[in-house]
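The listed protein sequences derive, respectively, from chains H and R. FYI, in our numbering the residues of the first sequence are 2 to 318. FYI, in our numbering the residues of the second sequence are 2 to 318.
One should not assume that every hint holds.
[As the list claims (entries may be wrong)] Derived coverage of chain H by chain R (criterion: at least 3 residues anywhere in the stretch with Cβ under 8 Å from a Cβ of chain R; other residues may be distant):
# : segment
1 : 45-54
2 : 91-98
3 : 102-110
4 : 279-285
These aren't lab readings, by the way, just hints derived from the structure by calculation. Ideal placement from N, C-alpha and C gives every residue a C-beta, glycine not left out.
Number of protein chains: 2
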Amino acid sequence: MDLKVVALAGGVGGAKLADGLAGCLAPENLTIIVNTADDFIHLGMQISPDIDTVLYTLAGLDDPERGWGRVDESWVFMETLEQFCGPTWFRLGDRDLALHHLRTYRRAQGESLSSVTYEIKERLGVKPNILPMTDDPVQTIVATTEGELPFQEYFVARSCEPVVTGFRFEGIKQARPAPGVLDSLHAADVVVFCPSNPWVSLDPILSIGGIRSGVENNPVFMVSPIIAGKTVKGPAAKMYAELGIEPSALAVVRHFETLLDGIVIDRLDAALAQEIESLGIQVREDQTLMKTREDRIRLANALLEFSRSTASKETLQ
Amino acid sequence: MDLKVVALAGGVGGAKLADGLAGCLAPENLTIIVNTADDFIHLGMQISPDIDTVLYTLAGLDDPERGWGRVDESWVFMETLEQFCGPTWFRLGDRDLALHHLRTYRRAQGESLSSVTYEIKERLGVKPNILPMTDDPVQTIVATTEGELPFQEYFVARSCEPVVTGFRFEGIKQARPAPGVLDSLHAADVVVFCPSNPWVSLDPILSIGGIRSGVENNPVFMVSPIIAGKTVKGPAAKMYAELGIEPSALAVVRHFETLLDGIVIDRLDAALAQEIESLGIQVREDQTLMKTREDRIRLANALLEFSRSTASKETLQ
Chain H
2 MDLKVVALAG GVGGAKLADG LAGCLAPENL TIIVNTADDF IHLGMQISPD IDTVLYTLAG
62 LDDPERGWGR VDESWVFMET LEQFCGPTWF RLGDRDLALH HLRTYRRAQG ESLSSVTYEI
122 KERLGVKPNI LPMTDDPVQT IVATTEGELP FQEYFVARSC EPVVTGFRFE GIKQARPAPG
182 VLDSLHAADV VVFCPSNPWV SLDPILSIGG IRSGVENNPV FMVSPIIAGK TVKGPAAKMY
242 AELGIEPSAL AVVRHFETLL DGIVIDRLDA ALAQEIESLG IQVREDQTLM KTREDRIRLA
302 NALLEFSRST ASKETLQ
Chain R
2 MDLKVVALAG GVGGAKLADG LAGCLAPENL TIIVNTADDF IHLGMQISPD IDTVLYTLAG
62 LDDPERGWGR VDESWVFMET LEQFCGPTWF RLGDRDLALH HLRTYRRAQG ESLSSVTYEI
122 KERLGVKPNI LPMTDDPVQT IVATTEGELP FQEYFVARSC EPVVTGFRFE GIKQARPAPG
182 VLDSLHAADV VVFCPSNPWV SLDPILSIGG IRSGVENNPV FMVSPIIAGK TVKGPAAKMY
242 AELGIEPSAL AVVRHFETLL DGIVIDRLDA ALAQEIESLG IQVREDQTLM KTREDRIRLA
302 NALLEFSRST ASKETLQ
């Protein structure tokens, strides 16, 4: 029988594993809860980068070269904005714009982020349940040695160059889980942490009131976003180092220690297995780099198999 | 010596004559005051259709086939929005979008409509002074037998089909002339009413506190927007008919009677000349349809020559 899986995701690596899970679970058994603390308003549009990455990836519309935005994109808008000397630091393709405008339009009509996410998901033919972590505004602020920066300014405009000293999530205390989030966690057999940034993708989701305890009631399995001390994409390893923590799958395990039941680490990190297991957390070694859609599905299957076998062992104990 | 000219404009015909004036006056001697009562917010963007038509036309970027928007436009955004079943009633090209976004972005930064209009005009290499009638929000509401409709809903979404019973300009009482508007009228030798819609392009401009009296202090010359009972484009003739007034150059003269010194009517309307002159208003007959840029410049030159000769005749009296 299929497991009921809730996956927490944000960013490209997260979207890839979410796509793998979508490839090996019936849609009704998969809910993906997506980080929205990267959301921002740009040029008058409501932009939800992590939701869009998940939507495009599961719709097969993600650009494999660039790693963000849509495949077969055109850039007439951006070229013209450049001619006007407008703000071009956040690259927006002509097709990508349509999604941002539809979201902005629906929000102005009074619709919630979950409601418009559902509409777009349906239009794109994406089957699993995709939920924003919250319909309320939350904004990641990155504390750096140069002062505080809103996330997109740190991430895109400054290319993650400033040295990080901490994070805070503006609005997180007032934010309530989006409709369906707590229900899906309640109905879940297992929670998956996708290989997303622990600091700025997974932490915001887990900081929304009610989500952490909903997660705690489930077995939690994850794929390490750090391979051999590095991230495939994104600043997680750089953040760990700047915060004085050696970036590794072990650091990630310690980050989520009390929540985790098991972690898939890369074969390159086999030397860490013993120390992770000594913390009471199960380990599988695998190839965790997802280059093709087959890689995504194979890794998702391995993770689910891992969680099944561990769960049944626990049941037997 | 060059006359100092202030032109009032809105819509395609208005932009064409404004372009003609730009072709025969030194830039420092031409100020174009543009209707902004058609402005609206769509998909999160601040859209100023009349300002954009003037900007694109004077920059030589207007599309001669469509009669609106930019030449060499692409429609990837619109196609994608259509796939999402988003609102596509207001057509937005990929290049056109860049201008709307820049305006929206600058306004969100606290800049005024005049300030961003100036920036865009400079980027497009347009030399004459182009001023919005006001920096304050004004919105044309069209009263119809089906109830009140915001202008763009009447004009674009409903293709001017509902029967008009009147107009009102929301916000007009609070609206102040944009910086430079009253100064330009004060310094003017002649005011030109471009062949724009009297009801929804020229009336809003003249309804802003201070503009009408600034206009009254000048000789006022216009080109009739109605030729042989019809408009080249736009609903002016239809509006006159629905309001119980036979659409004609004479109806336009009566509309602005106390302000006008002279009008250029089309040769097709020669029969109206005597009745117009009996109202104390000078008349010239000419070919007023502007098909080419040469037509625009020739008509603008004829209008300026007309105003010069009439003004000197008055001086002689």
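Hint by hint, here is what the structure shows:
no.: 1; hint: 45-54; verdict: holds (count 3)
no.: 2; hint: 91-98; verdict: holds (count 3)
no.: 3; hint: 102-110; verdict: holds (count 5)
no.: 4; hint: 279-285; verdict: violated (count 0)
Going down the numbered hints, you'll see the structure goes against just number 4.
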